[in-house]
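Novice: Residue strings, one per chain:
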Amino acid sequence: MQRTDNRPNGPSGDIAPEVMRRPRQPAHGSDRQSRMRDASAQRLAHGLAWFSISLGLAQIVAPRLISRLVGGNGKYANLIRFYGVRELASGLMIFGQGRRPAAAVWSRVAGDAVDIATLAAAGASPRMNRSGVALATAGVLGVTALDVYCARELSRERVGEAGITMSRSVVVNRPPHELYAFWRTFENFPRFMYHVQSVRTTGPGVSHWVVNGPAGTSVEWDARMTADVPNERISWQTLEGADVESSGSVRFEPRPGNRGTIVRVDLQYRPPGGKAGKLAAMLFNESPEQQIYDDLHRFKQIVETGEVVRSDGSPEGMGDVRQRPGQPSGEASAYGDTAASSSASAD
Amino acid sequence: MKATCWHGKHDMRVENVPDPVIMNQRDAIVRVTATAICGSDLHLYNGFIPTMKKGDIMGHEFMGEVVDVGPDVKNLKVGDRVVVPFAIACGNCLACEAKMYSLCENSNPNAWLAEKIMGHSPAGAFGYSHMLGGFAGGQAEYARVPFADFGALKVPAGMADEQALFLSDVFPTGYMAAEMCDIEPGDTIAVWGCGPVGQFAIASAKMLGAARIIAIDRFADRLAMAASKAGATDTIDYEDRDVFDALKELTGGVGPDACIDAVGMEAHAAHPALFAYDRFKQALMLESDRPIALREAIMACRNGGTVSVIGVYGGFIDKFPMGSFMNRSLTMKTGQCHVQRYMKPLLARIENGEIDPSFIITHRMRLDDAPDGYKMFAKKQDDCLKVVLTP
Ligand SMILES: NC(=O)c1ccc[n+]([C@@H]2O[C@H](COP(=O)([O-])OP(=O)(O)OC[C@H]3O[C@@H](n4cnc5c(N)ncnc54)[C@H](O)[C@@H]3O)[C@@H](O)[C@H]2O)c1
Ligand SMILES: [Zn+2]
Ligand SMILES: [Zn+2]
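Just so you know, the protein sequences line up as chains A and B, in that order. According to this note's numbering, the first sequence is numbered sequentially starting from 108. According to this note's numbering, the second sequence is numbered sequentially starting from 6.
Since the hints were made in silico from the structure, they are not lab data. Hints may be right or wrong, so weigh each one.
[Stated by the list, open to error] Below, computed lysine to aspartate or glutamate pairings styled on EDC-like, alpha-carbon distance capped at 20 Å:
hint : chain 1 : residue 1 : chain 2 : residue 2
1    : B       : 7         : A       : 438
2    : B       : 349       : B       : 16
3    : B       : 104       : B       : 187
4    : B       : 58        : A       : 427
5    : B       : 338       : B       : 184
6    : B       : 121       : A       : 427
7    : B       : 211       : B       : 361
8    : B       : 58        : A       : 350
9    : B       : 338       : B       : 189
10   : B       : 385       : B       : 16
11   : B       : 59        : A       : 327
Next up, chain A with everything else stripped away, as it sits in the complex (with noise of 0.2 Å):
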């Protein structure tokens, strides 16, 4: 989990916009304290998720002896059963919101609101069994508390005046030299970093990047190399007036009894004048963290198997976000029109 990018990228830093993400933040310590923040909010809210959705199932499967438990003496069931639905609703949007669920513990929120203003309307009753509702209703105020304290941390904000830093790595299974020397050739990034368009070295230990950002615009800057130690680590820096302003380095760290090496990527992006989040949105059209992650698998593919491995369902391979289904789309082959597909139509 963590987010830091890579491009290593000789001379220039400049590097990976992409990848990065869930930037973290300063204001709230420090990277490490900030991602246990974060992993223990996701806990929180998966506890959540799985909470509506058993209560939510046993309420629409079961909704008189839902009503029985909260002093409803076995009435309405309907109304049960609809509250049911949206439990199951909230708690499946919750993992259906991957990483940072924040809408989805919030619509809890909502309805922990609507429960409790029902329960107070049912207090008043006198169809009703008070010490029931008035457990049901502690209880939902304890559940409140908890879905209020997992939104607020999901939603922090996560840039910060010093900007983001992210972190992750890869183990390949070659030796750090090799690797080094494919990461030094700042050319190959396109070939796994899908949204750098094109890095171009234009003076010594300096290059220039051009970066795909939302709907088809594009970023540009100058990076330089900051620290070159072959087979071991390059660092980079973008270089002064940029309209990003970007860090990051590469290493590459043999692992003991030749099992490969682990690559590891940190970047740290600050914004000019302190914008962060206009800088995040500008980099990252996608979730950056996912980015950070496809850019090192892709980046892995190529090197131990020679390309990036495509599926029907994820043409694109690693990240391709679509999903297809699992059956050719009927596009031409990468590697011109084939035996294979000429005798294939044949039938």
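Position chain B with the ligands against the provided structure of chain A, taking the given hints into account.
Specialist: Just chain B with the ligands, lined up with the frame of chain A:
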């Protein structure tokens, strides 16, 4: 081409879809000559595996003739007959180097999705959900085979399709189940489930020297095949006798040295209330799998013995007898089969006549009839054990 497509629970359709093309340079395209329906496909058919998409082509047991190869496939040529392992593996990563092919680190483009559900991702597989890569399967006229230079095994001239086909999955799978038992001479092995995987687990336990093999199921035809064809020495119909008691009795109270779960997540229980308990929890999503055979296998296994789990599980289970497992020094071994590890040695066993895997085939049908094949196999109608489809 024609292909068997998933459209939802109990909804398989043979449809016309575009032909496959080479997408990676290590691909081959195969004209399928024989393909089978697997017990694992039933988990998709019954809607228990998440991340399926309407239109996904089914099938991971297939073989055929190479009709095209990508520029990097040097060891195969057009016209070769090959059988294809269900797990897709690159041969280059650390997992492949360790011969753990079903854990290949490169073959699943949707590894991130599997990681969300399982923590880490296994390899990609043909026709087995988007979590395992979104690869089109082989119950079709043609199939694309990624990493064909590493995975596809050439079939010797003269060997019939029906003899070679099961090298794609169930024969190696049953063999791995038996191998995980570390069989020593004199051992007693109990096998839950007498589907194709159970039959090959029994036959393999015999090849590996087990003295006694006890087959457990509720279908008379399957138990009869286990005894007459696969080599079981004893059979237990679990609707007839309590399995735990029967195993104690057969082993003088000690329990089998190793227990193989060849049933998996959709186990059935002899007692309707027991079945209802797990089925209900599954429906409420409080557990995703029904571990009825697994619980029994753990309880029955002798002290210090091994439980070999080859039946597929997808998510979470409930009431796992951890106390029995831990206090009695049991070992559990599991895994999707590392098919590529076993294909050549098992091909040799077929060639020298030690086994003819075609003994499990009960039904031969046209590809067009795949939906009927699914239904018949799922409902165990007409003593159906294994359906082979030919396009
Ligand atoms: N690990 C792998 O690589 C791998 C590969 C292929 C198949 N599989 C799995 O192996 C399992 C079996 O596959 P198959 O093709 O033989 O399927 P199958 O459905 O034909 O066989 C399952 C058998 O288990 C029996 N059974 C059900 N509940 C039982 C119980 N409580 N006790 C004893 N027997 C019980 C059924 O009657 C049936 O005969 C499936 O879960 C399948 O997904 C695993
Ligand atoms: Zn199978
Ligand atoms: Zn591999």
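Novice: Work down the list of hints and note, for each, if the structure agrees.
Specialist: Quick rundown of the hints versus the structure:
1. B:7 x A:438: OK: residue 7 of chain B and residue 438 of chain A at ~17 Å, within 20 Å.
2. B:349 x B:16: Roughly 36 Å separates the two Cα atoms, so the pair is violated.
3. B:104 x B:187: OK: residue 104 of chain B and residue 187 of chain B at ~18 Å, within 20 Å.
4. B:58 x A:427: holds (15 Å)
5. B:338 x B:184: holds (10 Å)
6. B:121 x A:427: It holds: about 16 Å lies between the C-alpha atoms, which stays within 20 Å.
7. B:211 x B:361: With Cα atoms ~14 Å apart, residue 211 of chain B and residue 361 of chain B stay inside 20 Å; holds.
8. B:58 x A:350: Status violated; Cα separation ~42 Å.
9. B:338 x B:189: holds (16 Å)
10. B:385 x B:16: holds (17 Å)
11. B:59 x A:327: Violated, because 41 Å separates the two Cα atoms, which is more than 20 Å.
Hint violations for this structure: numbers 2, 8, 11, all remaining hints satisfied.
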